[in-house]
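Model the full assembly from the supplied sequences, consistent with the hints where possible.
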Amino acid sequence: MADDQAASRTILVVGGGISGLTAAVEAAEVGHTVLLVEREPQLGGRVSQHFQYFPKLCSPSCGLEINYQRVKNNPRIRVLTLAEVEAISGQEGDFTVRIRQHPRFVTEKCTACGECSKACTTMVANPFNFGMDQVKAIRNSHPMAYPNCYFMDAEYARSAEARTLPCPVGAIDPDMQATVLEEHVGSIVWATGWRPYDAEKIQPYGFGRHVNVSTNMRFERLANSYGPTSGRLLRPSDGKEVKKIAFIQCAGSRDHNHLPFCSRVCCLASMKQATYVREQYPDAQVTIYYIDLRAMDRYEGFQKKVEADPGITWIKSKPARIDEDPASKDPIVIGENTLTGIRYADSYDMVVLATGMEPTSATTARVPGHSAAYDEYGFVVKGGQVLSSGCAASPLDVAGAVQASTAVALKAIQAAAKRG
Amino acid sequence: MAYDLSFAQDVYKNSEMGHWIKMCKQCGVCAGSCPLGPHWEYSPRQLFQLVRGGKKEEVLKSQSMWMCTSCYNCIVRCPRGLPITHIVHGLARYASVKGYADPNQVTNRFATKIFWTNIVSTGRVGEAMLTMRLYFVDGLAAGIQRGLEMKDSALGMLMTKRLNPIPFRGKIKGYAGFAAMIAKAQELEAKREAGA
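For the record, the sequence lines run as chains A and B. If you're matching positions, the first sequence starts at 1 in the working numbering and goes up one per residue. If you're matching positions, the second sequence starts at 1001 in the working numbering and goes up one per residue.
Hints should not be assumed to be uniformly reliable.
[Claimed, not checked] Each computed EDC-like pair below joins lysine to aspartate or glutamate, with the alpha-carbon atoms no more than 20 angstroms apart: (1) B:Lys1022 <-> A:Asp292; (2) B:Lys1113 <-> B:Asp1138; (3) B:Lys1025 <-> A:Asp292.
Since the hints were made in silico from the structure, they are not lab data.
This is the structure:
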């Protein structure tokens, strides 16, 4: 029967972050087969790098853990990590895709016992912590990682030491090669998410030149107990406790020189991060510079709660530039308070730039071929052969991405049922 | 108090680049970026808001738009892409046309007398004379003092042939064409301003 045939068609989900995970489990749990492709060695995407979600300020590991369990327990979901979609041909109902899977150098036999990592002497900049600390060249991304299977950096795999690493189950294979798979799928969900806008491009703010100017995503890692400072909010130059801190909103957002759009989450993210500081150091002073505050959707209550904290000052101004005190390395924020008309030059222990979301589909995760439609910013939108969900479609918070991806799972089921 | 939109509408229509003022989102980056910021009565942001608020007297009597040195910092940084430098020069011109500009305001004097005479009389800028007339604008003593302060720069420019000490005499080749061009531009400008 045609219906049975349609149901047997696989749904390809590209991207294993919160959006891709949601689309995959929602489609699989109503009986469809799903192929979930993730470029990184482990699932979880940007959400796994966060310390807490707003507005409840709980850890994202709990939401991710539930989804990992749903993936693990569902035989209809096949997960490919370290994999990228190279080519797409065909149309809705009958696509052929070519997927390249990069070598992990560790097989599925891995039990994550950690013996190899203990023996490894090569340290590399930790991409999970944005290079703020060093990790072993063979490792898990973080303790919550799924699949819970170690991986080795490609460069390290070529070293002599990689061949001598101990493994009680014989899972290490430094000779592992890339493989290319061809798969037939009925529909494609592009859920490649976002990356933080490159703060170095915002030249007047001095990120990359001023050591104590950081970004919101880096700050999430600083606050996290598995981050470079084990969760203590210490500034990079001298490890001083961050007692006087500024957050700068719309850093590279709503700006025709950078990202012209609003990413919808950065105001709330800074409010949330202000609570990290106030919680850890009750005598800390937080200042938030903003053009206008946007607590999207139903989050105004969270804003009111944060506004009630007398330790947080709000300055209506987009700062013009940030200087650095050469001796103390204190960043100095310079601009005009637009409510008073008074110019300020305020010194802080640390400044956090609230950078926005750049869709990876604009650059490193373009949909191969011509099967996608993009908007002017590179988000994947309606009109192409490929469906999109989460932050690949528009900037969203986690709850919004989950909702949107649940809806897209249904669209993907319908699209897969089309006659190819 | 009645809210009068006519001033803003006239600026949008008749001040050069004035229509861009509608686009300002009042973020304050221009004010913070301006090297002369602390010396302005109103920052560009404030000027634009005053225009939108119909504050004709405050805007046109202000010295602010005469303070711009055309460094273009604000244009580079404006998140909305407003050509702020040009808008501000446009407002200065607009104030002039409306008869609000103080003829003794130093930038106004420089633009309308010193620079204008210098370039129109010969067809090109004569640096030596232009600099001299600007330096001595406040009298002999002030001029000498200013000249001494700047003598190292002047010598440097001389050495690198960026300043010709001999005043340019005569006229450029094809001066008649240049003069006709200026006359035509003035005619068009007068027509435009009469219509406004």
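These are the hints, each one checked on the structure:
1. B:Lys1022 <-> A:Asp292: holds, 18 angstroms
2. B:Lys1113 <-> B:Asp1138: Given pair Lys1113 (chain B), Asp1138 (chain B) holds - Cα atoms ~14 angstroms apart, limit 20 angstroms.
3. B:Lys1025 <-> A:Asp292: holds, 10 angstroms
The earlier numbered hints are all upheld by this structure, with none contradicted.
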